[in-house]
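Participant: Read top to bottom, the protein sequences are chains Z and C. In terms of my numbering, the first sequence opens at residue 1 and continues consecutively. In terms of my numbering, the second sequence opens at residue 1 and continues consecutively.
Just so you know, these hints were derived from the structure itself, not from any lab. We put the CB at the ideal spot given by N, CA and C, even for glycine. One thing to keep in mind: the hints can contain errors.
[Unchecked claim] Cβ-Cβ distance ranges computed for the label pairs, FRET-style:
1. S276(Z) with K261(C): 53 to 59 Å
2. T530(Z) with A34(C): 28 to 34 Å
3. Y392(Z) with I480(C): 27 to 33 Å
4. T528(Z) with K261(C): 21 to 27 Å
5. G325(Z) with K261(C): 49 to 55 Å
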Amino acid sequence: FDTSAPETVDPSSVPQPKDDFQEELVIRPLHSGDIYASFQFRTVWETDFMRGNKVSHYRLFPKSLGQVISKFSVRELHISFTQGYWRTMQWGQPFQPSPPGAELWVWFQDSAECKVYAAGCVDGTWKELTNVLSGIFCASLNFIDSTNTVQPSASFKPLGIGNETDHRFLRYATLPREIVCTENLTPWKKLLPCGSKAGLAVLLKSEKLFHSSFHSQAVHIRPVCQDWQCKTTSWELRQTLNVVFDLHNSAQGKREWSLFKMFSRTLTEACPLASSSKIYIDITDNPQGEQFEVSPATPLLSQAVVLGDRRTFSVYDLTQQITFGTVRSLNLLIRWKSSEGDMLRPLLHAERYVAGYGLQTGEIHTLMYNNHPYRSFPVLLLDSVPWYLRLYIHTLTVTSKGKDNKPSYIHYQPSKDRLRPHLLEMLVQLPPNSVTEVTVQFERALLKWTEYTPDPNHGFYVGSSVISSLVPSIVAMDTNSTRERPLFSSFFPCKEESSYFVRVYTEPLLVNLPTPDFSMPYNVICLTCTVVAVGYGSLYNLLTRSFQIEEPSPGLAKRIANIIRKMRGVPPL
Amino acid sequence: MGLLSDPNRRRALISLLTRLNSPICVVCYMAGVAWFMGLAFEPFTLRTYMSENAMGSTMVEERFPAGERALTTGREFSAHKKKAGGMPVDWLVKTMQARGLEVFTQRFSRKLPFPDENKERYMVKGTNVYGILRAPRAPRTEALVLSAPCTPGDSNNQAVGLLLGLAQYFRNQIYWAKDIIFLVNEHDLIGMQAWLEGYHHTNTTGMDWSPLQGRGGSIQAALSLELSSDVITSMDLVLEGLNGQLPNLDLANLFYAFCQKIGVLCTIQGKLQRNDWDSVSGYSHSVQTMMLMVMKQASGRPWGDHGLFLRYHIEAASIKGINSFRQYKTDVTTIGRLLEGMYRKLNNLLERLHQSYFFYLMPSLSHFVSIGYYMPAFGLLAVILLLRALDLWVQLVSSPGVLSVLTPLVISHLTGVALYTLPIQFQEMAVEQFPVSETEAVVLTAIGYNVFLFIYIGWRVLKLVAVLYLAVLLGCTALINFSLGFILALTLVPVAAFVTPHVPKVLSAFILVILSPACTLLFSVFFFQELQELPVSFQEGWLLYLSVISQGILDHFLYGSLVYPLIALLVYPCWLLFWNILFWK
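Isolated chain Z (complex conformation) (with noise of 0.2 Å):
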């Protein structure tokens, strides 16, 4: 029983839904010297926005959001706003990814009002919430409709509890243009309890969070199960971000970060309101200290299977007043002793590109990488390509080692000019150390002169392919597993930790569509044709028609002479 909760009313005579709130920071060195920091904050709350249910009374999960999903009767929602790419060849993989831009992904109720033109409605609600949450996250949300909106059968499925997988009531866009800055950071850390007053959200100054390789803040909110029994649930908000900072940009090539290097302020408390507040720090490359050293060191070692790899954290527990020690105040040094920066070899990663020259047609290539020794794993591609690009969809083919590769799963849902995006879903297996190679060619649509962007020399973007895999889990690659477990329990690999869901976002293209030049030579261009245009008929009219002098009909003494001089044999006058 908590005592210190401020509690006047008695909690028998109101039931109060009871919220939770926990806050944690995941500090990971890099291997290329690069540092990782990963905010998580949850918000748990036993309440139900379901079935007209009002709610009025709000604690710790913000109103905003609540409103929201009773309004939209959404079921899931799932927001990313991302600055910069995650370069998985230099990072590895990240804990939460995203694609560069803005990503929003919801699933929405299958409730009473939308049973029966659930399309339509669905549409118009989407139309409805993008537009809300627009205003949320003073984001250009509203940019979304029909022609960047796709519904994936396959690629997105709900990660919180509920069976219900009909994708009519999943929407999914991106906006690739998207720039996240500062003022998408404010309101986002407006949801917070604490705001950025107290706890680990101190740190979140925009100055330096900018001043940064990468960048990524979300929003995911779901309903998960209450307890183990799962007969009610909960609606868990649980707010994320991500963000990298460089070796050289940021830590001037000395390889030494300090929470104070990173975000220039230090921790002296936890949020009041959080139930647990943790930082982590990854030291599973550093078992014995000899690549980098922590201080202040910490006895809490806590161990995790972190993306299908056994990784060793040391824990911060920032509730506890030891943890911040005699200055009252936490400020954590990671210190390098050796520098070793090679490319990693992730066992799945994507690259995409556009190739060919000239403004006619292209080709987009999307690689994929299965750098797995041995093992053979099966990835869903999901391409949502904008009308403006007309796929050749005929010419689809893919290739791994030199040989084609039909998938086993293909949706393909062609775009219409002006009203959707193509969609294209292909379930591909990946032969184990191989690059598969999937190539479409496509078409560049002429647009309507008011269709440009006021940029239109900048090129038009085309979002990231998603690839959503389950890949065979680095533990259980682990041959020499006779380390630590016991002969008995390592003869079958473990059905958990076998494979581990993993979903990696390709670069988004750039594609140069025909321009016309808008400036005054474009004017004299539609002048000198309008003129061409006229004088053509009249000079076709000249070459083609055969003139000849037509003589003005004679008098009648005239024709009368004629008559009588035909008559004597004699030419007429």
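For chain Z, the structure is supplied; the task is to place chain C on it using the hints.
Facilitator: Below, chain C without anything else, positioned relative to chain Z:
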């Protein structure tokens, strides 16, 4: 139009045109040449100005400090290059990685159609090394390229050193919005071709290359750096690319603006700018500069490593450091600052360079002639052909039989096809049977095709067809490559205008040969050498001429230059038609 639909007036107009045809033609020709020569006169040209707003008013500071260290790196590179006997791949990879770049390599190989004697290569194998500076918080959609060639011998070591120095300096800056690719290419253009084809995954010339592992999205602009000495006196800008394509004028403006700002002497075509435009020597200086540009553009060759980028719609230029005997010297730190400034401005670009001109001639670095000003010069020459065609049409009494002209057309084109294919086919045979070098064999087989054709049809019909054919051909050429079209028009239009079966045979035949495309090229070689102030004797000129032809053929097969097929397949048959008219019986 009323003028033309009234038969009387029309007849009057036509009779005027046919009566005064020859004088009008002569006047047009003179006017065309005069117009062209007037283009270099400074009051008639426009001053260059920065059109792109993103590069114009924004201020950047240049702070590159590490020129000396770059030179040291260059010397290290040179030592490793000597040790490796080519591209020191491992050393470059390690050095670039130490500077915080993502480094990748690309292997390529190419068998030339025949040995290149200028550069002494036949089987070419090499490796390109490139490092990508990933811009912070950028989604890998845009990139800039800085390249330096790895040339055998002692040249361009400083360029590679400066490239690595800039890479190190750029890596520590936070302001980059576009990835920057630092490329060291081996075997100059062949390596560059392999890299560009790999980057865009195209294969236009049948080269073997290994696929690229890392990319930075669509390349917005590229600069190729050539630097062979520790200090320089001036920087030279090279713009002419493959098939006479030019980068956007704003790239030249950017270079000029930064040279002015930093105080580096800058030249174009190796010629400094002069202020005395009103004097004869000043005018002739700008004529020389412009003529050099015209000759280079007409040749259709890439005049630097940048030349191949233009096909991919990437604005690119080469910057060469020149060390001559002037007092005033510029050190590498200053060149580094110049490049830093240019890249920072290119980094600020929101759109591709598109604001300024793509078709221009430059009589000096600060003045340019746009397409609207130089096209009339060509138009005046082309109108001669139309006037002659009109004259012939009026003279033609019976309706022309189309079939009758088909035979000479087909035969002359077959000759053209033979000229296009046989040099490569027969050079092996020629080398085996005669003690001539390969280049000479190629060229001699090419020249040996000046056969005479005698076909008996109405010469007027044939000439009408030939004149119209030439008009279309030159018109299309001039639209793509003005310089080539203009030079061809300058020599072929008089021939086309005045050749008939009734002129003195021997003299006309001599003139016809003198004004043939082959002789035009020979004169151009001498003229070009003269313009560059490197006059050659006839013997040297002849050798140079042979090598120019073989280079042209090589450019076609290696990089896809279109000048050789254009001359062989279209211009030469056209010239043969006129030869045919002369010997009509």
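Participant: Would you mind marking each hint as holding or not holding in the structure?
Facilitator: Here is how each hint holds up against the structure:
no., hint, verdict
1, S276(Z) with K261(C): 53 to 59 Å, "58 Å, holds"
2, T530(Z) with A34(C): 28 to 34 Å, "33 Å, holds"
3, Y392(Z) with I480(C): 27 to 33 Å, "29 Å, holds"
4, T528(Z) with K261(C): 21 to 27 Å, "39 Å, violated"
5, G325(Z) with K261(C): 49 to 55 Å, "54 Å, holds"
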